[in-house]
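Each chain is listed here by its residues.
2 protein chains.
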Amino acid sequence: MTQFINTKESLVTEAIEGLLATSGGRLTRLDGYPHIKVVFRSDWDKSKVALISGGGSGHEPAHAEFVGAGMLTAAVCGEVFASPSVDAVLAGILAVTGDSGCLLIVKNYTGDRLNFGLAAERARALGLKVEMVVVDDDVALPDLPQARGLAGTLFVHKIAGAIAEDNGSLEMVTDAAKTVISRSASIGMSLDTCTVPGSVKEDRIQLGNAELGLGIHGEAGVEQVTFENAKTAMQMVLQKLEPHMPGGDVVALLNNLGATTPLEMSILANELMHSPYAEKIKFVIGPAPLMTSLDMHGFSVSVMSVDDVHADALTQPVSIPAWPGVQERMPVKISRLPDGLTPVKPIPSSHPATRSTVLAICDMLIEAESSLNTLDAKSGDGDTGSTLATAARSLKESLDRMPLADLTQLMPALGNELSQTMGGSSGVILAIFFNATGDACARGLTIQSALAEGLARVSQVGGAKVGDRTMIDALHPALQALPKGIQAAAAEARTGADATASIIKAKAGRAAYVPEENLIGHNDPGAEAVALVFEGLASST
Amino acid sequence: MTQFINTKESLVTEAIEGLLATSGGRLTRLDGYPHIKVVFRSDWDKSKVALISGGGSGHEPAHAEFVGAGMLTAAVCGEVFASPSVDAVLAGILAVTGDSGCLLIVKNYTGDRLNFGLAAERARALGLKVEMVVVDDDVALPDLPQARGLAGTLFVHKIAGAIAEDNGSLEMVTDAAKTVISRSASIGMSLDTCTVPGSVKEDRIQLGNAELGLGIHGEAGVEQVTFENAKTAMQMVLQKLEPHMPGGDVVALLNNLGATTPLEMSILANELMHSPYAEKIKFVIGPAPLMTSLDMHGFSVSVMSVDDVHADALTQPVSIPAWPGVQERMPVKISRLPDGLTPVKPIPSSHPATRSTVLAICDMLIEAESSLNTLDAKSGDGDTGSTLATAARSLKESLDRMPLADLTQLMPALGNELSQTMGGSSGVILAIFFNATGDACARGLTIQSALAEGLARVSQVGGAKVGDRTMIDALHPALQALPKGIQAAAAEARTGADATASIIKAKAGRAAYVPEENLIGHNDPGAEAVALVFEGLASST
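Going down the list, the protein sequences come from chains E and X.
Sequence positions in the first sequence follow numbering that gives the first Met the number 0 and run 0 to 540.
Sequence positions in the second sequence follow numbering that gives the first Met the number 0 and run 0 to 540.
Among these hints, one or two may not hold up.
Under the rule of at most 25 Å between Cα atoms (straight-line distance), these lysine to aspartate or glutamate pairs were calculated in the DMTMM-like manner [as the list claims (entries may be wrong)]:
#, chain 1, residue 1, chain 2, residue 2
1, E, Lys45, E, Asp165
2, E, Lys332, X, Glu534
3, X, Lys377, X, Glu164
4, X, Lys395, X, Asp338
5, E, Lys377, E, Asp438
6, X, Lys45, E, Glu130
7, X, Lys128, E, Asp202
8, E, Lys281, E, Asp307
9, X, Lys377, X, Asp202
10, E, Lys200, E, Glu222
11, E, Lys332, X, Glu164
12, E, Lys344, X, Glu78
13, E, Lys281, X, Glu164
14, E, Lys332, X, Asp380
15, X, Lys332, E, Glu227
16, X, Lys7, X, Glu164
17, E, Lys395, E, Glu366
18, E, Lys377, X, Asp382
19, X, Lys464, X, Asp497
20, E, Lys464, X, Asp174
21, X, Lys200, E, Asp202
22, X, Lys128, E, Asp307
23, E, Lys464, E, Asp497
24, X, Lys464, E, Glu130
25, E, Lys200, X, Asp497
26, X, Lys332, E, Asp438
27, E, Lys177, X, Glu452
28, X, Lys395, X, Asp382
29, X, Lys200, E, Asp338
30, X, Lys230, E, Glu8
31, X, Lys128, E, Glu8
32, E, Lys332, X, Asp438
33, E, Lys230, E, Glu278
Simulated DEER-style distance windows between Cβ atoms [as the list claims (entries may be wrong)]:
#, chain 1, residue 1, chain 2, residue 2, range
34, X, Glu170, E, Pro347, 56 to 62 Å
35, E, Ile446, X, His34, 41 to 47 Å
36, X, His34, E, Lys45, 45 to 51 Å
37, E, Leu140, X, Asp311, 20 to 26 Å
38, E, Lys7, X, Pro316, 45 to 51 Å
Simulated from the structure, these hints should not be mistaken for laboratory data.
Quick reminder that beta carbons are idealized off the backbone N, C-alpha and C, glycines included.
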């Protein structure tokens, strides 16, 4: 799989440089590349308890993007899915720890525990106050005493971070972190594994299956299940979490594991917030990528029950772009539709001349159905004739409801009728044409001038002009000539329509995407329809 | 491709419900499902100019997630990649437009132009002040008069939004939007097409190729290029944008087209911020998903030159989680490594008895190399023996540098030596063991008690305890028995090591992942090494 990297060896340091370069100076790094990759707050003065987390890379935004006032003081980054070295962790501790001491927040993986643990020993030997907590929120394997650390780690970052920022002592911060960890539970589901840069993606999850209870390093999940839909997927996950959702003050965190689209995440959020367990949820975080696993197409849910103190700490705002904030669960707000959506029905009136003109145009279009379809098939999907004929048939049936005696009313009425009975762009274009023409009539313009103004509006909104191989190529010259009579208009329409056969570079509408050899020699069907109508009207006059 | 959806038909309304349910009441929708999908600010009082955008779905967070004070007033959502209907747009206009009027921000696609255009006509007919701007920031096809609307749309949302929020008139807001559009340019590159829900993914881009100048609806790009790496990819994109980066006050927006990982995006950000064009960049937005194309594995860059007024509007903070904020470009901040990383070298001293004990242990481990490897091959990668032997050889060579006469100094010195010469977890575990033992010696404990405390720390940090099939199964009973003499300790170590052969459910370390049939009947190699050492010491006493 191709990826936007340069070399596998340099990818983590380059990514950290990119993060720093776009941080506006908010973040600083230690001068220890390539082995020591430590990111910390530029505004840090060591006056409070420092919070340090980290681990293998590939889980962005965790952890470096959560460095900032109210969350982490520093992040120690390893290579992809590999623990940072003892020296790197020690460098992080030494760089940010003052008299108040520091808390290491470590996810429960052997490498991280050991390397952070040894760094803590070495820092203590240098006289620093260092505490360490291990996050083990994974509930995929309830019997495993070594549960993994997953997105529940974010609860620790945020709550311990707020308490530290509020000048909490190392003991207070550590106690809070331990309490949060003991109350956190997470489980994930994915439709595919992840692609480790430079490695071939493991083809473990069959199409149509999902893995439940997987880790964030591409480890196999606890079970493969048949994937039905978003609803059952969320149900499976929530069933596993239910034992960890005791009271009513649960905070739920919906995490994107990497490559799940925002649309899917919102659908999963909808299932979460309307599940049978939703009543227990008081706060929600996300959906957002918080603890990812490279490009994994999956999600995880973390839950934790919160008391008032932790809720305060959790909801404290921070200026960290990757932190999506905490929202209270409340019913979806729905507002009734506004008035004015339904067009006012015009009062029908009769006008034999107008009626017969409209009828004649309709009949011409119905008669031309198949020839226009054939023409359209050259450059499109061959339905221009049918679209126009269908609209014409509907219009004939609605003539008795039309205000035929009043052009100012008739024009928008025609527009509204056509926009409802014609599918796609054509109906809208004609509606704009007739609405704007009606507007112009209302302002006292002659029908000829009003029609020209309607066309100008179509051109403006639709962006097509003469020469773009659209119906405008026939309609524009015809309307220009109309003051000289219908014969002149028909001749101009025909000339314009025929000229479209040599416009090989369509610039608007669907034909813009058609190869030129499919266009040459064939009139644009819209322009042809206009020409046929004008010719028909001319011959019957 | 499996996706986290329920049905193709309901996916957009469900996603909007999910967005609203996790918005904490910030967003409201109109009661017009399924056809009218309009999301607007719950706190809107119609006192200012309303900003309305929208279009097909599949571009999240655009546009619904940008609804909020200082950006959009409302978003009108169509189905995936399909324009919303005229009625939907009109409903949006009517719902949020007061006496100050509204501006429609439309991306340059025929369907959107027409539907928003006709809705504007109908709203004007109802007496509302409605203006419309069309965003056409795509520079992939410089000759195409109908350039598409891409992520540059976000510049319009943010700048026009700030001006409207600041009580700007409709004319001011519209003028600003037009100016922003005229100065914006965008182009994207992708390694793969996107997966439209319910459709089979088009296999257009060959592995190793990239498409330059593609649209956000899976349309083919202007050209397929050979993909080299992140650097050349960013260069190609920036070359196309260069004509649109005139002065020094350019803002660059780095957009994730969907499924690009945060790591890749940060690498691309690094290339952007250190490219030859970077000097022209004053502000940067992202990297972040802003205008996506479902799960497209690509990115786009948008640039715009800003004057002071627009810069002010752009950098105005907003409480909209999807908006990543604007950062000023500045050099990456690098801080020198802290002191204390290099362990203080102990002062060598001699102690013949200790020297001979250490030498004896080293020789035993060197001798046991191949038998321990064989044992390890049953449950691991067969290198325990070599790891220990290599460390033992190094240790022998370093004995002259060791403070052999002072156990308090010797213990951490041994730990530091082993953590440098032994790879992987084992070195770290032994380092923690010896460091913590040294700590205990320093506090005046007997060597026996100090060793027991060292082991307790290993257990705490590493998470393994007796019965977990690790070296602790031999070391713990041996240290318990040590006060009774080395013979007793050796006997306990042997009993403990042999007992590991029947521990089929390893709970810590690598063996936790090995099937039980590979474990039964074989001693854990770490425990066996401990037993061999104690037995050796006992027999030589």
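Comparing the hints with the structure gives:
1. Our distance criterion of 25 Å between C-alpha atoms is met by Lys45 (chain E) and Asp165 (chain E), whose separation comes to about 13 Å.
2. Restraint check: the Cα-Cα separation between Lys332 (chain E) and Glu534 (chain X) comes to about 75 Å, which exceeds 25 Å; the hinted pair is violated.
3. At roughly 69 Å between alpha-carbon atoms, Lys377 (chain X) and Glu164 (chain X) are farther apart than 25 Å, so this suggested pair is violated.
4. The hinted pair formed by Lys395 (chain X) and Asp338 (chain X) fails the criterion: a straight-line CA distance of about 29 Å is larger than 25 Å.
5. Taking the CA atoms of Lys377 (chain E) and Asp438 (chain E), the gap is about 36 Å. The hint is violated against a cut of 25 Å.
6. Of the supplied pair hints, the one linking Lys45 (chain X) and Glu130 (chain E) is violated, its CA atoms being roughly 53 Å apart against a limit of 25 Å.
7. With a C-alpha separation of about 57 Å, the suggested pairing of Lys128 (chain X) with Asp202 (chain E) is violated against the 25 Å cut-off.
8. Our distance criterion of 25 Å between C-alpha atoms is met by Lys281 (chain E) and Asp307 (chain E), whose separation comes to about 12 Å.
9. At most 25 Å may separate the alpha-carbon atoms for a hinted pair to count; Lys377 (chain X) and Asp202 (chain X) exceed this at roughly 45 Å.
10. Distance check on the hinted pair: Lys200 (chain E) and Glu222 (chain E) sit about 19 Å apart at the alpha-carbon level, within 25 Å; holds.
11. Among the hinted pairs, Lys332 (chain E) with Glu164 (chain X) is consistent with the structure: their alpha-carbon atoms are about 23 Å apart, no more than 25 Å.
12. A C-alpha spacing of about 29 Å is found between Lys344 (chain E) and Glu78 (chain X), which places the hinted pair above 25 Å, so the restraint is violated.
13. Annotation: proposed proximity of Lys281 (chain E) to Glu164 (chain X) is violated, straight-line Cα distance about 31 Å (limit 25 Å).
14. Restraint check: the Cα-Cα separation between Lys332 (chain E) and Asp380 (chain X) comes to about 58 Å, which exceeds 25 Å; the hinted pair is violated.
15. Proximity of Lys332 (chain X) to Glu227 (chain E) is assessed by CA-CA distance (about 49 Å); at most 25 Å being required, the pair is judged violated.
16. Among the hinted pairs, Lys7 (chain X) with Glu164 (chain X) is inconsistent with the structure: their alpha-carbon atoms are about 37 Å apart, more than 25 Å.
17. Straight-line distance between C-alpha atoms of Lys395 (chain E) and Glu366 (chain E) comes to about 14 Å, which keeps the hinted pair within the 25 Å bound.
18. Restraint check for Lys377 (chain E) and Asp382 (chain X): the C-alpha separation of about 71 Å exceeds 25 Å, so the hint is violated.
19. Between Lys464 (chain X) and Asp497 (chain X), the direct Cα distance comes to roughly 16 Å. Compliance with the 25 Å bound is thereby established for this hinted pair.
20. Pair hint Lys464 (chain E) plus Asp174 (chain X) holds up; C-alpha atoms about 24 Å apart against a cutoff of 25 Å.
21. Only pairs whose Cα atoms come within 25 Å are accepted, and Lys200 (chain X) paired with Asp202 (chain E) is accepted, the gap being roughly 18 Å.
22. As the CA atoms of Lys128 (chain X) and Asp307 (chain E) are separated by approximately 48 Å, the hinted pair breaks the 25 Å bound.
23. Between Lys464 (chain E) and Asp497 (chain E) the alpha-carbon distance is near 16 Å, which keeps this suggested pair within the 25 Å criterion.
24. For the given pair, Lys464 (chain X) sits about 21 Å from Glu130 (chain E) by alpha-carbon distance, which is consistent with the 25 Å threshold.
25. Among the hinted pairs, Lys200 (chain E) with Asp497 (chain X) is inconsistent with the structure: their alpha-carbon atoms are about 40 Å apart, more than 25 Å.
26. At most 25 Å may separate the alpha-carbon atoms for a hinted pair to count; Lys332 (chain X) and Asp438 (chain E) exceed this at roughly 61 Å.
27. Between the alpha carbons of Lys177 (chain E) and Glu452 (chain X) the distance comes to roughly 23 Å, so the proposed pair stays at or under 25 Å and holds.
28. Proposed proximity of Lys395 (chain X) and Asp382 (chain X) is supported: the alpha carbons are some 20 Å apart, at most 25 Å.
29. At most 25 Å may separate the alpha-carbon atoms for a hinted pair to count; Lys200 (chain X) and Asp338 (chain E) exceed this at roughly 42 Å.
30. The suggested pairing of Lys230 (chain X) with Glu8 (chain E) holds, with an alpha-carbon distance near 15 Å, which does not exceed 25 Å.
31. Restraint check for Lys128 (chain X) and Glu8 (chain E): not satisfied, since their Cα atoms lie roughly 58 Å apart, outside the 25 Å limit.
32. A C-alpha spacing of about 61 Å is found between Lys332 (chain E) and Asp438 (chain X), which places the hinted pair above 25 Å, so the restraint is violated.
33. Between Lys230 (chain E) and Glu278 (chain E) the alpha-carbon distance is near 17 Å, which keeps this suggested pair within the 25 Å criterion.
34. Distance hint check for Glu170 (chain X) and Pro347 (chain E): the Cβ-Cβ separation is about 40 Å, which falls outside the suggested range of 56 to 62 Å.
35. The beta-carbon spacing between Ile446 (chain E) and His34 (chain X), approximately 34 Å, falls outside the hinted interval of 41 to 47 Å.
36. About 59 Å separates the C-beta atoms of His34 (chain X) and Lys45 (chain E), a value inconsistent with the hinted range of 45 to 51 Å.
37. For the hinted restraint 20 to 26 Å between Leu140 (chain E) and Asp311 (chain X), the CB-CB distance of approximately 54 Å leaves it violated.
38. As the Cβ distance of Lys7 (chain E) to Pro316 (chain X) is approximately 38 Å, the hint placing it in 45 to 51 Å is violated.
Going down the numbered hints, you'll see the structure goes against 2, 3, 4, 5, 6, 7, 9, 12, 13, 14, 15, 16, 18, 22, 25, 26, 29, 31, 32, 34, 35, 36, 37, 38, while the others check out.
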